[in-house]
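Protein chains in written order, with the numbering used here: chain A, 293 to 780; chain B, 77 to 244; chain C, 7 to 361.
Calculated from the structure, these hints are not laboratory results. Note that the structure is a prediction, hence the values are computed from the model and not measured.
Within a straight-line C-alpha distance of at most 20 Å, the following computed SDA-like cross-link-like pairs (lysine to any residue) qualify:
{"hint": "1", "chain 1": "A", "residue 1": "K450", "chain 2": "B", "residue 2": "V150"}
{"hint": "2", "chain 1": "A", "residue 1": "K442", "chain 2": "B", "residue 2": "I233"}
{"hint": "3", "chain 1": "A", "residue 1": "K450", "chain 2": "B", "residue 2": "Y172"}
{"hint": "4", "chain 1": "B", "residue 1": "K235", "chain 2": "C", "residue 2": "K333"}
{"hint": "5", "chain 1": "A", "residue 1": "K325", "chain 2": "B", "residue 2": "Y232"}
{"hint": "6", "chain 1": "A", "residue 1": "K442", "chain 2": "B", "residue 2": "K235"}
{"hint": "7", "chain 1": "B", "residue 1": "K236", "chain 2": "A", "residue 2": "A391"}
{"hint": "8", "chain 1": "B", "residue 1": "K235", "chain 2": "A", "residue 2": "L320"}
{"hint": "9", "chain 1": "B", "residue 1": "K213", "chain 2": "A", "residue 2": "V476"}
{"hint": "10", "chain 1": "A", "residue 1": "K656", "chain 2": "A", "residue 2": "L748"}
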Amino acid sequence: MNPYTELLRLSPVGVLVLAQIILFVQDLVREDKRLSQYISAAALALTCLLSVYLASSGNTVSFANSTFVFNSLAYYFGVIFSLSALLVMLSAGSFLGRAEYAFEFSSLAILGVLGSFFVASSTNLVALFVVFEMATTATYGMVAYARRSKLSAEAAIKYFVVGAVSAGIIIYGISLIYIATGSVSISSVFSVTSQSSQLLDVGVILLIVGFGFKIAAFPFHMWLPDTYEGAPYPATTYLASVSKVMGFAALVRIFLVMGPAIYALGGLNWEVIFGLLSILTMTFGNLAALVQTSMKRMLAYSSIAMSGYMLIGLALGTSFSYAVLLYFMLTYAIAKAGSFIVAQFFESEHNAKSIDDYAWLARKSPLSAFSLTIMLLSLAGIPPLSVFVAKFFIFYASVQVGGYWILLAIAGVLNSALSLYYYARVIKNMYIGLAGESPPPQGPRLERIGYMIPILTCLVLTIALGLGEGTVIAVAKHAVTTLSATVF
Amino acid sequence: MAYSEILFMFVAGVTIISALGVVVSKEIVRSAAYLILALVGVAAAFSLMDSLFMAMIQLLIYAGAVMVLFLFGVMLTRKEAPAKRRRLLSRTNLSYLILSVVLFFLVARSGLMDTSVLGGIPGPVSAIAPSLYTEFKGVLYALAGLLVTVGLGAIYIVKKEANEGKNA
Amino acid sequence: MTGDFLSLASVVGLVSGNLILRLIAVAIVAFIVVSIGSLIEIYIERKFWARIMSRYGPTEVGRYGSLQLFADAIKFISKEVFTPELADRTIYDIVPVLAVATSFVVLVAIPFDYAVSSLFPSSFHPSSFVISNFDPSLLVAFGFFAMEPVLVLFGGWAGGSKYTLIGGFRSAAQLISYEIPLVLSFLSVVALTRSLNLFQIIEVQSASWPFLILELPAFVLFLIAMLAELERTPFDLTEADSELVAGWNTEYGGSKFLLVYLSEYIRAFAGSAIITCLFLGGWVGPAPIPGLVWIFAKTIVVFTVLVWIRAAYPRVRIDQMLNLGWKVLVPSSVVWLVLTPYVANFAVVHHLLTL
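So that you can see chain A by itself, here it is in the shape it has in the complex:
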C-alpha cells in the first residue's frame, strides 16, 4: 500500500494523537483555558470530517500487526465519537471558564475519543478491553471534574466503583472465552471442544453483563441516574453520547463477528438475551422517567430507555438491523447531546433545574427552546425527525424478521407512546407554562453564542439526518457488510 494512503487512512487517530501532544506542549508553555478548548475542538472537527470522508469511501487499514483494523465500521463510529465530543467541547466553554483548570478536560475528551475509536477498530478482545478501559478512565476524570462539588465526587465514586466491577466482569469473561477457544482474537472462525462450549457461553454472558453496565441495560443501570445528575453538564453530555455509543460499539464489534459462531458452537441464544434486556430496559427507563421532576434525571432515565430501543438492533442480529443500529446511534447521540446542552444552557442562564422551572422559557430563549422541542420530539419519535426514522426502521427490521421478534416492535411502539408524555410535559411547560400561572412579562431575550453553535448544529443535524436517512443507512449498511465480509 502506498504509504501516503496508509497515512491518510490512519489520519483520524493521528490528528487526535497530535492534538494531544500539542495540548501537552501548550499547557507546559502557557496555561490558556480558551486555547486548549479551541485546539481540542479543532482537532475533533478535523477528525470528524476525515472520518466522514473515509467512512463513505470504504477504506481499510490495519495497525499494529492487525490488532486494530480501521474499516468503514470503525470510521463510522469515529464520526459519532468525534462529533459528539466536538459538541461537548463547544458547549464546555462557560463550564471550563469557571473551572480551575481547563487543559485536563480537553485532554481527557481527546483521549476518551481516541480510546473509543480504537474500541471500534480492535480485532482482539484483550486490546479491546484495554482501550475500553482507556476511554472509561477518561470519563472518570471528567465526571469528577468539579472537584469542590460533593455531588460530582459522589457521582464519580459511584461511577468508578460500578466501572471497576464491570471491568472485572469483562476481563473474567474474556479469560473464560480464552480458555474455551484458545484465542483472544475477535474472529468468526474458532473452535471449541464439546466440554468447553459451556465455558464459552458463560464467558459471553459475562461479556454481555460487563458491557451492559456501560450501556446501562436494565438490571445494570443503577449507577446511571446519580452519575448523570452529579456530573458536570459537559461530562454528562459526554457520558450520554460518546461513552454510551462506545459500549454499543464494543458489543457490535464482538457480536457482529463472533455472534453466529457463538450460536453455532456454544449454543447460546444471545439474541434472546438481548431481546429480553431490550424490553426490560426500555420499559423501565420510560416508567422511571415519567415520575422525574428534575430535568437532568428525566433525560438520564430517557437515555436508559433509548438503550432499550437500540438493543433491538443487537437482538435481531441481521445485517439490516445492525445498519439501522448504527444510524440509530448517530441520531441518538446528536439528539441526546443537544438536549443536554440546552439543559445546561437553561441551568446556567435561567437557573432552571426541575421541569417546573422550564415554565415560559420559550419567551426568554426562543431559539434554544425551539431546538429543545425539536430534539425531544425527535427522541419521542415524531416524524420526520431523525430518531423517529431510526425507530421506525428498527421496528420495521423486527417485523421483517418475524416470529416472536415482532414483540420487540410492539413493545417499542407502546414505549414510544409512553415516552411522549414526559417529553411533551417539558415542551408544554416551555410554551404555555404551568397550569394557573400567568406568563411572565416579556424580558430581554437570552441566547448565548457559545451555546448556540452546538445547539443549532444539533438542531440542523436532527432534522437533516431525518430527511436524508438514505445516504447514512447506505453507508452504515456498507460498513456492516464489509466487516462481516472481511473478517479474519
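Position chains B and C relative to chain A; hints supplied.
Using the frame of chain A, we list chains B and C on its own:
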C-alpha cells in the same frame, strides 16, 4: 494422591478461606491482611502449576505493590471498625453467595473436564517478550494510551488548587 | 551445568528422599551462611563505623569486643515479652516472624549452595545438590524482597502508636518508589544476559567481564536504589531517630525486636549478595580460591561499602529522596536500559549465550 496434589489442595483451601475472611472480617485492615494471604495463595498455586514466573509477578505486583496502595488508603481513612456491625446473614451477602455458587457451578460443569488443556506445559519465560512485542504489540500501544489517561486523570484529581500554589 | 534448570514445581512434584534431603541441606547451608554473614555484618557495622568516627566501638566483651553481639542477643532474649495495649495482637506478633522468613527466602535464590557444593569433590556433585539454579531465580529474590513494604505497613499499624504508623507509611512509600529504579536497573543486566537466572548471569560474567565494568551506570543506580530498599543511611529517614523515635518498629521489644533487627541484617546481607551476583561476578574470582570464599568475601565487602556510605553521608530529606528517585534514578535507568544493547554489541557477549 501425589504429594504435590495434597500441597495444591492445601494452598487452594487457604486461598478460599482467606478470600472468605476478606468478606467476613469486621475490621477493614484485617480484611486487607486476608486479601494479601489470598493473593499469596494464588501465587503459590501458580508456582505449583509450574509457572514460577507468574507466581513471582503476582507476588511483586499484587501482594507487594497493589496491596500497599490499598493499605495506604485503608489506614489513612479510618482506623476503627464501622459503628454499625455488619450482619453475616444479610440479604446482600446472600445474593453474593448465590451468585458465586451459580457461577462456580457454571464454570465447574464445563471446566472440570478441561484440566488437561488448562494445565498445559507453559513455554519458557523468554518466549514472553517476543510475543509481547510482535503479536501483542497493539495491546502494548493501548496500554501506553491507558497509562497516559490514568496519569492525567489521577494527577488532575490530586492537583493543588490553582490559587493555592500562588499563595504558597 | 546451566542446562539443568529445576523449577520449584518439579522440586515439589518429584519429591524423592534424595530431594527432601537436598532441600533440607540447602536450607541449612543458607541458614549457616546467613548467620555467619549477619554476625560479621553487625560486627563491621559497629567496629568499622566507630573507627571512621574515631571511636573504639565495643571493646569489653571478648577480644576486640567480638562477643558483644552474643551478649546483646542474650540481653534481648531475656527481656520481658510484652504487647502494647493498643496493639492488634495477632498481626503484631506475626509480623517479625514473617519479616525474618521472607528475608530468609530471598537467600534460597542466591547460589550459595552451589558455592558450598563446589568445595566438595565429584561424589557430591554440584549440579545434583544445587537447587538455586532455576529459571526466574532473580525474580524470586525480588518477589520476596517486595513483601517487605506490606509487612512494614502492618507492623507499623499493629503497633497502635502514631509514630509507628507514620514510620510504616514512610517506609512503605520509600520501598515502593525505589523498587521501580531497582527493577529497571537490573533489567539492563537481564537484557544483556537474556536470562532471569542468577546462575546464568554469573556464567556470562565469568566468560566476559564482571558487569561492574560493562554496566557501570546500572551498578551505580542499583546500588543507590538498594541503599534505599535496605533503608540505610542516607535513606534511613524511615527510622529517623530524631523525628520518629525508631520508625515502624518502635513498639517492638525484647525477642520480637531481635527478630526485626535480624530481618534487617538478613535483608542487608541478601541485598549485598544480589549485588555481588549481578555485578561482581558471584563466585568467580581471579585467584584459585574456592568460590564460596569469593562470593562470601565480595558480599561482605559490598556491605562494608554500605557502612562506609552510612558513616560518610548525612540523611536526606523526604522531598530530596523522592526527587532523586523519580527525577534522577528512574529516567537514567530507563536511558541506560535503552543503551544496553549497544553495550552488548560492543562487548560481544551474545556468542556466550548459547552456552
